[in-house]
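Chains as they are written, first to last, in the UniProt record's numbering: chain A, 1 to 421; chain B, 1 to 309.
Please note that a few of the clues may not be correct.
As the list claims (entries may be wrong) - Pairwise CB distance ranges (calculated):
| no. | chain 1 | residue 1 | chain 2 | residue 2 | range |
| --- | --- | --- | --- | --- | --- |
| 1 | A | S86 | B | L16 | 37 to 47 Å |
| 2 | A | N61 | B | A112 | 55 to 65 Å |
| 3 | A | K281 | B | F33 | 17 to 27 Å |
| 4 | A | A259 | B | V129 | 17 to 27 Å |
| 5 | A | A241 | B | D142 | 14 to 24 Å |
| 6 | B | A112 | A | T185 | 37 to 47 Å |
| 7 | B | V129 | A | S86 | 32 to 42 Å |
| 8 | B | R113 | A | N61 | 56 to 66 Å |
| 9 | B | R113 | A | R418 | 48 to 58 Å |
| 10 | B | V129 | A | G401 | 25 to 35 Å |
| 11 | A | D215 | B | D142 | 15 to 25 Å |
| 12 | B | V35 | A | T219 | 38 to 48 Å |
| 13 | A | T185 | B | Y46 | 36 to 46 Å |
| 14 | A | D175 | B | D142 | 21 to 31 Å |
Said to hold, decoys possible - Stretches of chain A that chain B covers, calculated by requiring three or more beta carbons in the stretch to come under 8 Å of a beta carbon on chain B:
| no. | segment |
| --- | --- |
| 15 | 163-169 |
| 16 | 248-256 |
| 17 | 391-399 |
In case anyone wonders, no lab produced these hints; they're calculated from the structure.
Each residue gets a CB set at the ideal place from its N, CA and C atoms; glycine is no exception.
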Amino acid sequence: MVFARLARVAAAATVAAVALTACGSGGESGGDGGDVTLNVSLFGNFGYQQLYQQYQQEHPNIKIRERTADYNAHHRDLATHLATNSGAADIEAVDTGFIAQMREVGNQFVDLGKDRESEYLPWKWQASLTKDGKQIGYGTDVGGLAICYRRDLFQQAGLPADRDQVSAAWASGWDKYIQLGEQFTRKAPKGTAFFDGGGALYNAVIGQAPVGFYDQDNTIVVKSNPEVREAWNLVVQAIQANLSAKLIESSPEWNNGFAKGQFATIACPAWMMAKIKDQAKAFAGKWDVAAVPGGGGNWGGSYLTVPKQGKHVEEAKKLAAWLTAPEQQSKVFTTAGLLPSIPALYDKPEIAALKDPFFNNAPVGKIFTTAAKELKPQYQGPRAGDIQTTIRDGLSRVEQGKQSSDESWQQTVSDVERLAK
Amino acid sequence: MAINALSSRRAALSRLDSKGSPYLYVLPFFLLFGVFGLFPLIYTGYVSFNDWNLLDGGAHQWVGLANYREMLQDPYFWNSLGNTLSIWVLSTVPQLLAALWIAHLLNHKLRARTSLRMGVLLPNITSIVAVTIVFTQLFGRDFGMVNWLLGLVGAGPIDWQADTWSSHLAISIIVAWRWTGYNALIYLASMQAIPHDMYEAAELDGASSAQQFWRITVPQLRPTIIFTTVISTIGGLQIMAEPLLFAGTSTPTGGSDRQFQTIALFMYEQGFREFRFGYASAIAWTLCLIIAVFAIVNFLLTRRIANEE
Numbered sequence: 001m002v003f004a005r006l007a008r009v010a011a012a013a014t015v016a017a018v019a020l021t022a023c024g025s026g027g028e029s030g031g032d033g034g035d036v037t038l039n040v041s042l043f044g045n046f047g048y049q050q051l052y053q054q055y056q057q058e059h060p061n062i063k064i065r066e067r068t069a070d071y072n073a074h075h076r077d078l079a080t081h082l083a084t085n086s087g088a089a090d091i092e093a094v095d096t097g098f099i100a101q102m103r104e105v106g107n108q109f110v111d112l113g114k115d116r117e118s119e120y121l122p123w124k125w126q127a128s129l130t131k132d133g134k135q136i137g138y139g140t141d142v143g144g145l146a147i148c149y150r151r152d153l154f155q156q157a158g159l160p161a162d163r164d165q166v167s168a169a170w171a172s173g174w175d176k177y178i179q180l181g182e183q184f185t186r187k188a189p190k191g192t193a194f195f196d197g198g199g200a201l202y203n204a205v206i207g208q209a210p211v212g213f214y215d216q217d218n219t220i221v222v223k224s225n226p227e228v229r230e231a232w233n234l235v236v237q238a239i240q241a242n243l244s245a246k247l248i249e250s251s252p253e254w255n256n257g258f259a260k261g262q263f264a265t266i267a268c269p270a271w272m273m274a275k276i277k278d279q280a281k282a283f284a285g286k287w288d289v290a291a292v293p294g295g296g297g298n299w300g301g302s303y304l305t306v307p308k309q310g311k312h313v314e315e316a317k318k319l320a321a322w323l324t325a326p327e328q329q330s331k332v333f334t335t336a337g338l339l340p341s342i343p344a345l346y347d348k349p350e351i352a353a354l355k356d357p358f359f360n361n362a363p364v365g366k367i368f369t370t371a372a373k374e375l376k377p378q379y380q381g382p383r384a385g386d387i388q389t390t391i392r393d394g395l396s397r398v399e400q401g402k403q404s405s406d407e408s409w410q411q412t413v414s415d416v417e418r419l420a421k
Numbered sequence: 001m002a003i004n005a006l007s008s009r010r011a012a013l014s015r016l017d018s019k020g021s022p023y024l025y026v027l028p029f030f031l032l033f034g035v036f037g038l039f040p041l042i043y044t045g046y047v048s049f050n051d052w053n054l055l056d057g058g059a060h061q062w063v064g065l066a067n068y069r070e071m072l073q074d075p076y077f078w079n080s081l082g083n084t085l086s087i088w089v090l091s092t093v094p095q096l097l098a099a100l101w102i103a104h105l106l107n108h109k110l111r112a113r114t115s116l117r118m119g120v121l122l123p124n125i126t127s128i129v130a131v132t133i134v135f136t137q138l139f140g141r142d143f144g145m146v147n148w149l150l151g152l153v154g155a156g157p158i159d160w161q162a163d164t165w166s167s168h169l170a171i172s173i174i175v176a177w178r179w180t181g182y183n184a185l186i187y188l189a190s191m192q193a194i195p196h197d198m199y200e201a202a203e204l205d206g207a208s209s210a211q212q213f214w215r216i217t218v219p220q221l222r223p224t225i226i227f228t229t230v231i232s233t234i235g236g237l238q239i240m241a242e243p244l245l246f247a248g249t250s251t252p253t254g255g256s257d258r259q260f261q262t263i264a265l266f267m268y269e270q271g272f273r274e275f276r277f278g279y280a281s282a283i284a285w286t287l288c289l290i291i292a293v294f295a296i297v298n299f300l301l302t303r304r305i306a307n308e309e
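Just need the whole structure built from these sequences, with the hints factored in.
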């Protein structure tokens with residue numbers, strides 16, 4: 001009797017402990033019958049929804065599940081999942097700002113091989129190649145650069161609204177962009193600034209420099225590279241001329257800003273078009289696209305990687321290759337506006353001749369492919385994404401009137417040095 | 001002989017039962033605590049003595065107290081400590097006073113008393129993320145409702161995220177909104193345990209409602225007040241989700257100048273953005289010590305204040 005009771009208590013205790021412990025390990029994806037569920041983890045809109053359906057129809061045993069987070073959270077989660085060797089999706093997107101950090105831990109990713117090297121823009125292919133020559137990611141898109149602007153606001157402020165005139169007005173460089181901004185501000189409708197925020201503008205300006213935050217040997221050159229400081233001064237000049245709406249890119253306030261028409265221009269890599277369409281639905285047809293001051297440049301663009309820890313590595317590799325294949329990149333450009341990283345597509349009529357009604361029928365195909373061809377690739381080091389955020393915070397301090405440009409620059413440089421530790 | 005042996009075996013088992021069973025009954029808790037509480041605590045302590053990079057597949061090197069030394073010289077650590085204390089005071093003090101007052105009101109005979117009592121708990125069962133996102137909208141710089149209301153009375157719009165004081169105030173309001181009702185219910189439960197004769201006697205002696213509150217209710221609530229203060233302190237010092245989401249973009253630096261970065265957020269930044277696992281662990285252990293010290297000081301102070309009544 002007593003024995004039995006003791007045994008029961010012990011058993012119950014053990015079961016309870018085991019059951020509770022087991023709760024932590026989470027559910028199992030996939031299932032029986034050969035069905036494979038592939039998780040795809042992205043940030044923002046990659047324009048894949050229709051492609052998933054097509055792929056699932058062609059591969060009835062595959063199910064695709066997408067999850068998205070915002071830019072910073074996505075990359076932080078990915079790094080954490082790699083570090084703890086669990087939790088990563090079968091396919092993980094990585095942005096240009098973070099690809100070098102992932103490249104440093106390249107052994108955590110599946111080597112995708114050299115088969116597709118000849119398809120890609122050479123710098124795009126190189127950027128995700130590890131030191132020992134393994135390819136960790138298929139390029140999805142490249143940023144390219146243009147300026148998206150509200151033609152109706154330009155008209156109200158008495159500026160030329162025609163895209164060729166606008167492009168010509170600032171063709172010689174950012175100084176002219178600021179001059180036009182000052183002109184705009186004098187007559188602009190109340191509550192309308194010339195551009196969205198210092199951080200975003202900075203990314204566009206530094207994106208044109210041949211060397212950005214890093215040397216080829218992975219040393220941070222933020223302090224010593226004059227172009228980094230020049231870009232800073234330029235943006236500060238624009239802030240002090242009262243041209244900034246002082247919004248932080250991708251914040252809820254920034255999203256609001258589109259809907260409320262708080263700014264007239266925005267530095268516009270091709271992927272930005274999808275964001276504008278999402279946020280500024282009420283202004284369809286009033287947006288337009290002009291060439292970027294100074295020509296060329298790149299901001300952003302992504303890769304699809306396959307972490308080794310996934311359960312269905314082979315299937316994931318196939319899906320990643322398919323999603324980034326020329327045919328699909330071309331579709332993504334026509335539906336979502338993400339510029340292909342496969343240059344052979346640039347001369348195809350369906351891309352080169354693409355016009356977008358949302359942007360007043362601007363020839364976005366021509367504008368962005370031209371920008372991509374003029375692009376001078378810039379080397380991205382391991383903490384490029386975090387340095388970008390640090391500089392954004394520094395410019396924010398100037399916008400908020402908390403520090404002078406010099407004070408904020410000093411602090412930014414020391415914060416960047418902390419990142420290098 | 002055989003019977004004798006059997007009965008003595010029975011007696012031994014019975015002794016074992018009465019002595020041993022209670023331990024088995026509480027065993028699950030201690031097993032779980034060991035796995036999810038004690039082990040991480042000790043392991044974190046071990047990690048904090050190492051230079052440990054999370055991304056390098058856990059490559060690490062013993063460095064002794066170096067992480068702690070660095071932390072004590074790190075201006076961003078002290079900045080986050082200051083922010084945490086400021087937000088803690090701004091949220092906890094008014095929150096507990098308001099809870100006491102609300103509990104006092106709910107203790108009267110009111111119409112729809114049960115629904116009112118349930119109602120004060122509602123904020124607490126809402127998701128912390130949802131609450132923070134909604135409040136962050138309310139505190140929006142350009143289109144937030146708070147600034148709109150301020151505009152109605154002629155006060156200028158405030159950039160709530162930009163300044164230290166305004167961001168601390170806004171975050172404290174989010175915290176207080178969520179926890180005031182919870183504390184009020186705890187006070188209420190405790191108030192109802194106070195014998196009613198005490199109030200009747202006081203009333204006969206002509207004591208006013210306020211006098212009854214300060215002379216009877218508050219002293220009687222002493223243990224409860226200690227409990228809520230300690231619990232709020234522990235929660236307040238660990239605050240992280242509110243400042244993280246309040247920033248609008250999920251960067252863990254707490255504003256452009258770290259003006260609302262709390263210790264927990266600083267630890268998160270070092271651990272999961274810088275991937276300095278050892279340094280983050282040193283911060284975690286320090287936070288644990290700070291909380292312990294605060295809990296003890298709190299306990300002593302509150303007991304003393306209540307004793308002076």
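To see whether the hints hold, each was checked on the structure:
1. Checked against the hint of 37 to 47 Å, the C-beta distance between S86 of chain A and L16 of chain B comes to roughly 42 Å, which is consistent with it.
2. At roughly 58 Å, the beta-carbon separation of N61 of chain A and A112 of chain B lies within the given 55 to 65 Å, and the hint holds.
3. A beta carbon spacing of about 53 Å between K281 of chain A and F33 of chain B contradicts the range 17 to 27 Å that was offered as a hint.
4. Taking 17 to 27 Å as the suggested C-beta distance range, the pair A259 of chain A and V129 of chain B conforms, at roughly 22 Å.
5. Between A241 of chain A and D142 of chain B, the C-beta spacing of about 20 Å keeps the proposed range 14 to 24 Å intact.
6. The hinted window of 37 to 47 Å between A112 of chain B and T185 of chain A is violated, with their beta carbons roughly 56 Å apart.
7. One distance hint, 32 to 42 Å for the beta-carbon pair V129 of chain B and S86 of chain A, is violated here, with the actual separation near 23 Å.
8. Taking 56 to 66 Å as the suggested C-beta distance range, the pair R113 of chain B and N61 of chain A conforms, at roughly 59 Å.
9. A beta carbon spacing of about 56 Å between R113 of chain B and R418 of chain A agrees with the range 48 to 58 Å that was offered as a hint.
10. V129 of chain B and G401 of chain A have their C-beta atoms about 31 Å apart, which keeps the hinted 25 to 35 Å range intact.
11. Range check, D215 of chain A to D142 of chain B: Cβ separation about 40 Å, and the 15 to 25 Å hint is violated.
12. Judged by the Cβ atoms, the range 38 to 48 Å given for V35 of chain B and T219 of chain A holds: they are separated by roughly 44 Å.
13. For T185 of chain A paired with Y46 of chain B, a C-beta distance near 58 Å fails the hint of 36 to 46 Å.
14. In this structure the hint that D175 of chain A and D142 of chain B lie 21 to 31 Å apart at CB holds, the actual value being about 29 Å.
15. Counting residues of the segment 163-169 of chain A whose CB lies closer than 8 Å to any CB of chain B gives 0, so the stated coverage by that chain is violated, three being the minimum.
16. With 7 residues carrying a beta carbon less than 8 Å from a beta carbon of chain B, the segment 248-256 of chain A meets the three-residue requirement, and the given coverage holds.
17. With a cut-off of 8 Å between beta carbons, the segment 391-399 of chain A has 4 residues touching chain B; three or more are needed, and the interface restraint holds.
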